[in-house]
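Per UniProt numbering: the sequence shown = residues 1 to 244.
Worth flagging that the hints you see were computed from the coordinates, not collected in a lab.
Virtual Cβ for every residue (Gly too), placed ideally from N, Cα, C.
One or more of the hints may lead you astray.
FRET-style restraints, in silico, Cβ to Cβ [what the hints assert, rightly or not]:
1) SER198 with LEU172: 48 to 56 Å
2) THR185 with ASP17: 47 to 55 Å
3) ASP220 with PRO20: 22 to 30 Å
4) LEU172 with TYR128: 21 to 29 Å
5) LYS84 with SER198: 52 to 60 Å
6) ASN97 with ASP17: 39 to 47 Å
7) GLN166 with LYS224: 33 to 41 Å
8) TYR128 with GLN204: 52 to 60 Å
Once the Cα atoms are required to be at most 27 Å apart in a straight line, the calculated DSSO-like pairs of lysine-lysine come out as [said to hold, decoys possible]:
9) LYS122 with LYS5
10) LYS55 with LYS16
11) LYS55 with LYS12
12) LYS240 with LYS84
13) LYS55 with LYS240
14) LYS84 with LYS241
15) LYS225 with LYS241
16) LYS225 with LYS203
17) LYS240 with LYS225
18) LYS12 with LYS196
19) LYS211 with LYS241
20) LYS5 with LYS196
21) LYS225 with LYS211
22) LYS224 with LYS211
23) LYS196 with LYS224
24) LYS122 with LYS12
25) LYS240 with LYS90
26) LYS241 with LYS224
27) LYS12 with LYS203
28) LYS196 with LYS211
29) LYS203 with LYS5
30) LYS16 with LYS122
31) LYS225 with LYS196
32) LYS55 with LYS203
33) LYS224 with LYS240
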Amino acid sequence: MEILKQRRTIRKYQQKDISPDLLNDLLDSAFRASTVGNMQVYSVIVTRDADRKAKLAPAHFNQPMVQTAPVVLTFCIDLRRFSKWCEQRKAIPGYNNLEWFVTGSVDALLAAQTFCVAAEEKGLGICYLGTTTYNPQMIIEALELPELVFPITTVTVGWPAEEPAQVDRLPLEAIIHEETYHDYTPDDIDRLYAYKESLSENKQFILENNKETLAQVFTDVRYKKEDNEVMSENLWNVMKKQGF
Numbered sequence: 001m002e003i004l005k006q007r008r009t010i011r012k013y014q015q016k017d018i019s020p021d022l023l024n025d026l027l028d029s030a031f032r033a034s035t036v037g038n039m040q041v042y043s044v045i046v047t048r049d050a051d052r053k054a055k056l057a058p059a060h061f062n063q064p065m066v067q068t069a070p071v072v073l074t075f076c077i078d079l080r081r082f083s084k085w086c087e088q089r090k091a092i093p094g095y096n097n098l099e100w101f102v103t104g105s106v107d108a109l110l111a112a113q114t115f116c117v118a119a120e121e122k123g124l125g126i127c128y129l130g131t132t133t134y135n136p137q138m139i140i141e142a143l144e145l146p147e148l149v150f151p152i153t154t155v156t157v158g159w160p161a162e163e164p165a166q167v168d169r170l171p172l173e174a175i176i177h178e179e180t181y182h183d184y185t186p187d188d189i190d191r192l193y194a195y196k197e198s199l200s201e202n203k204q205f206i207l208e209n210n211k212e213t214l215a216q217v218f219t220d221v222r223y224k225k226e227d228n229e230v231m232s233e234n235l236w237n238v239m240k241k242q243g244f
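Generate the whole structure from the sequences, applying the supplied hints.
Right, dumping it as structure tokens:
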């Protein structure tokens, strides 16, 4: 529990390898995660090669940890393997649809998070790359992913070379709803976001971006509506190209 409560994202790594035995043991543990129907409709691409990392880097906006981490793990929805098994056993698969894209996402993310907890317990540091679904076609090309295989999240892994401060989290009452969903009043919103808005680093973000509120930094700078719509359309188109 203390490891979970004290965890932090690590973006800087020692130039020290992760042994194949340790990595495989962690992945083997991760693959015990819950999975719909015990089908395990996911695959993980392990990238150690520097040239391959360099091919992946542009898809992740050249964030430095993609090339400096000893290992990059791309967790993929994989309906290809299970569909092939069905076809070879005289069964007709029907998994090339949105329902199973979502199911594969859930399976892959459960495995990814279980891996991260196991890795951190061993002293490794991890960083999730939320950019995976921004440029999926670039990752598909770099990793040569076939039809019905789709990248859903990426995790960089290595021995930490930093100990950054923990970032803030919303209080429990902001997220937990007893029995049914209880909508937020304006007073609730003010109270629940007060601490986040009070932090000096967040006040600095507002100044640096010439905005009035922290929310505007998110909506006008970090995750703009027009960007979200372009990426959504691209995601949908790439999903279809991959056979979903």
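These are the hints, each one checked on the structure:
The supplied range of 48 to 56 Å is broken by SER198 and LEU172, whose beta-carbon atoms lie about 18 Å from each other. At about 53 Å, the beta-carbon gap between THR185 and ASP17 stays in the expected band of 47 to 55 Å. Our hint of 22 to 30 Å for ASP220 and PRO20 is violated, since their Cβ atoms are close to 45 Å apart. For the hinted restraint 21 to 29 Å between LEU172 and TYR128, the CB-CB distance of approximately 22 Å keeps it satisfied.
Between LYS84 and SER198 the beta carbon distance is about 54 Å. The supplied range of 52 to 60 Å therefore holds. Range check, ASN97 to ASP17: about 40 Å between beta-carbon atoms, so the 39 to 47 Å window is met. For the hinted restraint 33 to 41 Å between GLN166 and LYS224, the CB-CB distance of approximately 27 Å leaves it violated. Distance hint for TYR128 and GLN204: a CB-CB separation of about 24 Å, inconsistent with the stated range 52 to 60 Å.
Distance restraint check for LYS122 and LYS5: the Cα-Cα separation of roughly 15 Å lies within the 27 Å cut-off, and the hinted pair is therefore satisfied. Distance check on the hinted pair: LYS55 and LYS16 sit about 22 Å apart at the alpha-carbon level, within 27 Å; holds. Pair hint LYS55 plus LYS12 holds up; C-alpha atoms about 20 Å apart against a cutoff of 27 Å. Of the pairs offered as hints, the one joining LYS240 and LYS84 holds, with about 19 Å between alpha carbons and a cut-off of 27 Å not exceeded.
The suggested pairing of LYS55 with LYS240 holds, with an alpha-carbon distance near 23 Å, which does not exceed 27 Å. Only pairs whose Cα atoms come within 27 Å are accepted, and LYS84 paired with LYS241 is accepted, the gap being roughly 18 Å. For the suggested pair LYS225 and LYS241, the alpha carbons sit about 24 Å apart, so the restraint of at most 27 Å is met. Between LYS225 and LYS203 the CA atoms are separated by roughly 23 Å; this keeps the pair inside 27 Å, and the hint holds.
Among the hinted pairs, LYS240 with LYS225 is consistent with the structure: their alpha-carbon atoms are about 23 Å apart, no more than 27 Å. Between LYS12 and LYS196 the alpha-carbon distance is near 25 Å, which keeps this suggested pair within the 27 Å criterion. Taken as a hint, the LYS211 and LYS241 pair is broken in the structure, with Cα atoms around 39 Å apart against an allowance of 27 Å. For the proposed pair LYS5 and LYS196, the alpha carbon gap of about 18 Å is at most 27 Å, so the pair holds.
For the proposed pair LYS225 and LYS211, the alpha carbon gap of about 16 Å is at most 27 Å, so the pair holds. Between LYS224 and LYS211 the CA atoms are separated by roughly 14 Å; this keeps the pair inside 27 Å, and the hint holds. About 20 Å separates the Cα atoms of LYS196 and LYS224, which keeps this hinted pair within 27 Å; it holds. Proposed proximity of LYS122 and LYS12 is supported: the alpha carbons are some 17 Å apart, at most 27 Å.
Of the supplied pair hints, the one linking LYS240 and LYS90 holds, its CA atoms being roughly 26 Å apart against a limit of 27 Å. Proximity of LYS241 to LYS224 is assessed by CA-CA distance (about 26 Å); at most 27 Å being required, the pair is judged to hold. For the hint pairing LYS12 with LYS203, the CA-to-CA distance comes to about 25 Å; that is within 27 Å, so the pair holds. The hinted pair formed by LYS196 and LYS211 meets the criterion: a straight-line CA distance of about 16 Å does not exceed 27 Å.
Restraint check for LYS203 and LYS5: satisfied, since their Cα atoms lie roughly 25 Å apart, inside the 27 Å limit. The straight-line distance between the Cα atoms of LYS16 and LYS122 is roughly 15 Å, inside the 27 Å bound, and the hint therefore holds. Using a Cα cut-off of 27 Å, the hinted pair LYS225 and LYS196 holds, with the two alpha carbons roughly 22 Å apart. Proposed proximity of LYS55 and LYS203 is contradicted: the alpha carbons are some 36 Å apart, above 27 Å.
Taking the CA atoms of LYS224 and LYS240, the gap is about 24 Å. The hint holds against a cut of 27 Å.
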